[in-house]
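Taken in order, these protein sequences are the chains called A and B. Be aware that the first sequence starts at 1, since it is given in the UniProt record's numbering, and climbs by one per residue. Be aware that the second sequence starts at 1, since it is given in the UniProt record's numbering, and climbs by one per residue.
Hint data in this document are derived by calculation from the structure and do not stem from the laboratory. A hint or two may mislead.
Pairs of lysine-lysine residues, derived as DSS-like cross-links and limited to a Cα-Cα distance of at most 25 angstroms, are as follows [unchecked claim]:
| no. | chain 1 | residue 1 | chain 2 | residue 2 |
| --- | --- | --- | --- | --- |
| 1 | B | 61 | B | 82 |
| 2 | B | 195 | B | 184 |
| 3 | B | 87 | A | 147 |
| 4 | B | 83 | A | 216 |
Stretch-level coverage of chain A by chain B, calculated; a stretch enters the list once three of its residues show a Cβ under 8 angstroms from a Cβ in chain B [stated by the list, open to error]:
| no. | segment |
| --- | --- |
| 5 | 31 to 42 |
| 6 | 67 to 80 |
| 7 | 157 to 168 |
| 8 | 201 to 215 |
These numbers were taken from a predicted model, which means no experiment stands behind them. Note that CB positions come from ideal geometry on N, CA and C, so glycine has one too.
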Amino acid sequence: MNVSKTPFNGYSVKFSPFYEDRLAVATAQNFGIIGNGRVHVFSLPPTPTGALTEIISFDTADGVYDLAWSESHDSLLIAAVADGSVKLFDTNLPPPQNPLRSFQEHTREVHGVDYNPTRRDSFVTASWDDTVKLWSLDRPASIRTFKEHAYCVYSVAWNPRHADVFASASGDCTVRVWDVREPGSTMIIPGHEAEILYCDWNKYDECLIATSSVDKSIRVWDVRNYRVPIASLNGHGFAVRKVKFSPHHRNLMMSCSYDMTVCMWDFMVEDSLVGRYDHHSEFAIGVDFNVLVEGLVASTGWDQMVFVWQHGTEPRGP
Amino acid sequence: MATESSSPPNPPAAGGTPQNSATETVQPANEVKQDAAPQNPKSVFVNSEPIREDQVQNAVKFLSHPKVRDSPVFHRRNFLEKKGLTKEEIDEAFRRVPDPSPSAQPTVTNQVGQGVTTSTIQPTSVSQTPVPIITVPSSASSSMFALARSRFQWYHAVFAVSLLAASGAGTAIWVKKSMIPRLKSWIRWVVMEEKNGDGGITNIKPTLAEEAAAAAKAAAAAASDVAKASQEMMISRYEEKVNMEKFMDLMQMQVKEIRSMGSAIKHLEGRSDKIERTHLVEHGGHSGSITNLKPTYPNGHKPEIDSHSARSSLPPTSADKSAPPHPNSYMDDINDQPPNPNQQISNPRLAPRSKPWEGAYQAKTSSRGGFGSALNGEGGSDFGAQNNEASNQVDAQSTVPWWQKKNSRITETEYVEAKPGSTTVVQTNEQPPIQRTWVPPQPPPVAMPEAAEAIRRPKSKKEAEPVSQETSGEGFSAAEVTDELQRITKISESGGEVEEMHSGGQETNGGLLGGLKLSEIEEEPVQSY
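For reference, chain B alone in the conformation it holds in the complex (with noise of 0.2 angstroms):
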């Protein structure tokens, strides 16, 4: 990283252009690309348009509009960025619009830059005085709306009190006028009826005082209402806090019976596939009946979001997705958790292979470390291990190896499951662009001097090609390629083996033309012979 930190302001991603890539090719294969960065500082992956400025004037005009300030910021930048704005004139339109609304990050920001080009651009602008005065205000409300979101409980919590002690005061006059005049008519009421019944002035006083009684009476009862609901609350409370606990002490005997099933279902697991299943199953279906206790939850994608409270006594195994138990006839029980989150990732057994779009320049570099295991004859389905450098390398678009590579497959795929007998036939598969890192053992005797003789002599077809030393085979064309092909699948096909020694030979040879050494080693074994 150390290379990027050079030019910060055009982050030096690795060029992209073919002119970069020509010149990569020429370096040491064992350039990272990031290093070949600080050629070209401009990465391609980066808008490099000019602002422009109609652009940002329409955005302006767009996000000066009232109806634009009431939406979320989030939703004018996304807008502004389906109209094809880039990054560059969106923030420059937000810049240039001011914005009040501090509800996200880079808005609070341009209200302070806001704040300073706004004072700045007043001087020019016609009506001076009134603008300023516009903006203050805008400002400090601003400021004090930002200043009330830091004391946003503050306030709430005053404001909460004093809406309950209103609400009380209110409650308390509101019973007072429509308490009396109900009791005062009743009291009266009561009065006509004793008028009636005795009918005397005499009533008048006694009728006073037994409204005053009755009054009294009215609020003692009330108050001993009051009292008996206070009472009988408290006392359901007890008796639900009383069954809540009598519900925990159930829940935490199935906790534990689900824990040893739990274990019992692992040991389990540690015999048979098959046999786990159905505990699974089962247990879910028992799992599920005692789960049915709880509310049910919504079947939702988020069980722990949801549920986090109630689950809190939960052993976290089953506390997953266990969401699913209940009324599930479309679903199996599945616990997909890490069975061992701390497992070891194992090493790999082998190492990554090229790409085919990776070029021709791995091939040159792996061909001179490559011969030896060109000739072995333990192929194997263990497709070769292959250079994981070369993976690193450039960009040169040669098409070489994979179409070396390729001819291989597609004589793998036909014969990878059939043993290959002779020894010319795991030659084709074992390309000069793998490397082993081991030492492969010596090479098998040649079981059929023509190969030798092919190999040494290719047929007019492949020397007819434009070689170089350097570029080996680059000159076989997409129509050459499919001939092969053709040839080889039809080959596959007749099963014939002296065919496809000189195609193999053919192959190695065509693919290793700038090398010397294959012939080199070519002859040792045949000359021990």
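Just chain A, same shape as in the assembly (with noise of 0.2 angstroms):
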């Protein structure tokens, strides 16, 4: 309903956890394979169609491939930034006094960052350096350095009910569950033959994470019995690039894939492909739910647009 366009690739979209008509979105110049990188965040407008109005932007010299809004400042979001630095961006200051931070440890691109719902107070980012780092807002250096995985980290996802657990997805083909009390990862989930694009944990369910991989397809693992997935989706036609659940519903699932659709799934139900949308022209790398507004869903994409849209409605509107 709401269309915007980019002037780079999106690479992610992220609702604002304090205010529901906000988000903001990821963007890499030249596809992101060189170039510069720019976060917009965007309001959207009172009208139901129309397009969003941009807030404030910040550039960065190298593509912004994700973005993870803070949960315990309204204003500050945290940029995983092509050129292996992790930036702090306060919406509230000019572009001038940004960013507020810049850390620079990781070795490789910063391809996840994820900021922790329960406790509020640290951050986890995933990189291709084979190394998740585990950070928090006071502190100029990183507190932990997560090192197992054997290839990329592509994403990390912290646990929606227990603060110290998170999961990371890597090109090794597994996943990793991970507790920031023990030295190493508690589970090594292989969770499918071809490399892991992204993991996400069901928020009514604990115990039950999302895999979407290579291999087009998205599994539900639940980490008690780990060794068969609890549903297979298939319907993609590409690699899935990114697996969300509902904050709404138990059973709900977002998907977004380089065949330039945004799928809806319940794996619960047996035909599981529940909506499809291809509003897309490029591959859709974003996706993300309204955690704040139930049904409201964004979509970006290589094709540098930027859809919000109510699920169940046409995104590029009437």
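Since each chain comes alone in its own frame, lean on the hints to assemble the complex.
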């Protein structure tokens, strides 16, 4: 229903956990291969149709692959940048006074970042240097580094109920579950035969985790019995880039893929595909549910478009 | 963290079973999840399977394969992980297979472990004598190798020196062997010519003398050549040094220029963004021309690491991502370093909001304190500050509060820009779970008496639901939800105020069925008018 075009190719979109009508988009020039990056902060207009209004935007020297809103400060954004830095932006300050911090510790691209939604004091970053790092806003350096994966770590996700548990998805075809109090990973799930691009926890059942992979499938696992997936969702034509559980419904999930579609799934149902949106004309790379408004979803892709719509309606508008 | 230290072998991560969460709901609200951990000593997120012997056997066979032995330990571990072995199984397999290569720490510890285990296992095996001998040399060699690794540098140095000496000796011998025959043949050729010219044995002796003289001359010439060459090298080195110094001076000057430009930029940045951008581009171009004097770097992701030594003289501000400045028509020169790395992070304006999956418990606790805010007329665009502690709570899976919130959110997204005139619309916005830290002003006068009546006399729909004092509104089904949604969205489209109020009244009442205070507060303003 609300559409906007960004100058660069979209990589990630996240709704703000404080403001219903606010979202941030991470973009990178030249499909993120080389060039600058930009973080946009948009606001939903009062009309159901129409363009998003840009509140502020921040430029970076390299592409921004992912971002996360702070759960403790309403105006803070954390950006994962392709030059290995993790940058902290304050949307209340003008761009010349930003970024507030730039943490340069990863030796390769930072591909994922997630903020702790329960304890709200820390965040983790996933990088192509095979490590996951734990950070806190008030510390100048990372608190911990988790180095066990054998290949790029593509994403990290905090468990929505357990403040110390998070999962990481990697190109070594495994998902590892970590506990920040433990020295190493507590569980290794060899989820797919191909690289695993994303993982997300179910918000209503803390033992369920979904993984999306290059093998075009999405699998839902129960960590108590991780040998066999609970569900294996097929339907995408190409690698599935992201999968997200709905914050309002236990069984509802959303995914985006290189087949340019965004799909809605219900993994408890036999015929899991609930909806399919093909509004993008290029790889669909980012999706997100709005935590505060039920049914409101957003997606972005390499076609430089950002769509915000209600699930069940047409993304491009009536 | 004190609670966790109580049971080290099984980390007391917060238990995830539904049973645990049910017990947690009973407990008081302020209990942190970690405190609940001791109730469930085993975390759900840990492998609780016993070690599978067949998998370990397979892993041992795999690790014993000679080709596998040559691969790095990391790859072996990764392969086994991909095959689905747990950490314990992999560790057990590594323990069982003797691993002489000390390429990683776990294997070093395994070596020590192996030495012990192999010695204990040996007595039980059939071929006792050969096997210990094999293992002893292997362990000896491994220990030697380990030692060797620690003295790696010394051996390396000795080896290099001997190599150099050998090569020197070899070249000397080769020179002797090849130069002398060449000399001799050349002299003989000269002699032959002379013989042909003069023809006499008498020339033999002078030829010998000539040979010697010629050899001496050649040696002298060679020495002088060498001396000249070394002198030239010295001269060239000196010249290079002088050039370098000139170069450095130039660079220093340019650095100063860049610094002044940078300060000028910052000064101008304070004025406007656009002006700043153009200056950046200009100076980016300018600095691009300056930096082209340096050897061009590949436009990679690690400018600092690659060019650290060369950039040591540059100021830190330009040292970071200005690797891109050069042949870049496809990107701008952007300085994305923090302008003030010690800048204080401002305090949050809003308290964090609870998540929809965090349960109804926070609704109950905050409903006691939040009624005043529920009636507040000053909505504004600042959505209410919510209770932070609510977020730390418990795992009850009720869907009550977000359902209410969801309704109010939908209305908010419709109405948020339109200033709500009537108070009751705002009342729908302010939900009971919201707790404010400030005391709200007196609720505004009731604009429409029908609202007050509606609140006090809810429609039959709400009353029909099974309601207990504790659980407010849990009986609402999804159908109810969508009906409410549709009605509210229809109302928004029509823009009718009266209906809003009714829905608003129903909303607040439906949400606050458990609370009695609302009716009390409601009654006060009614009575005063």
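Verdict on chain B covering the segment 201 to 215 of chain A, where coverage means 3 or more residues with a C-beta closer than 8 angstroms: n = 4 at 8 angstroms, threshold three: holds.
Holds or violated: residue 83 of chain B to residue 216 of chain A, with C-alpha atoms at most 25 angstroms apart: Holds, at roughly 20 angstroms.
Within 8 angstroms of chain B's CB atoms, at least three CB atoms from the segment 31 to 42 of chain A: coverage verdict: Contact hint for the segment 31 to 42 of chain A vs chain B: holds, 3 residues under 8 angstroms.
Hint consistency between residue 61 of chain B and residue 82 of chain B [alpha-carbon to alpha-carbon, up to 25 angstroms]: holds, 16 angstroms
Given coverage of the segment 67 to 80 of chain A by chain B, tested with a Cβ cutoff of 8 angstroms and a minimum of 3 residues: Holds: 6 residues of the segment 67 to 80 of chain A have a Cβ under 8 angstroms from chain B.
Pair hint outcome, residue 87 of chain B versus residue 147 of chain A [Cα-Cα no greater than 25 angstroms]: holds, 15 angstroms
Given coverage of the segment 157 to 168 of chain A by chain B, checked by CB-CB distance under 8 angstroms (3 or more): holds (count 7)
Pair hint residue 195 of chain B and residue 184 of chain B, alpha-carbon separation not exceeding 25 angstroms: With Cα atoms ~16 angstroms apart, residue 195 of chain B and residue 184 of chain B stay inside 25 angstroms; holds.
Consistency with the previously given hints is maintained throughout, with no hint failing.
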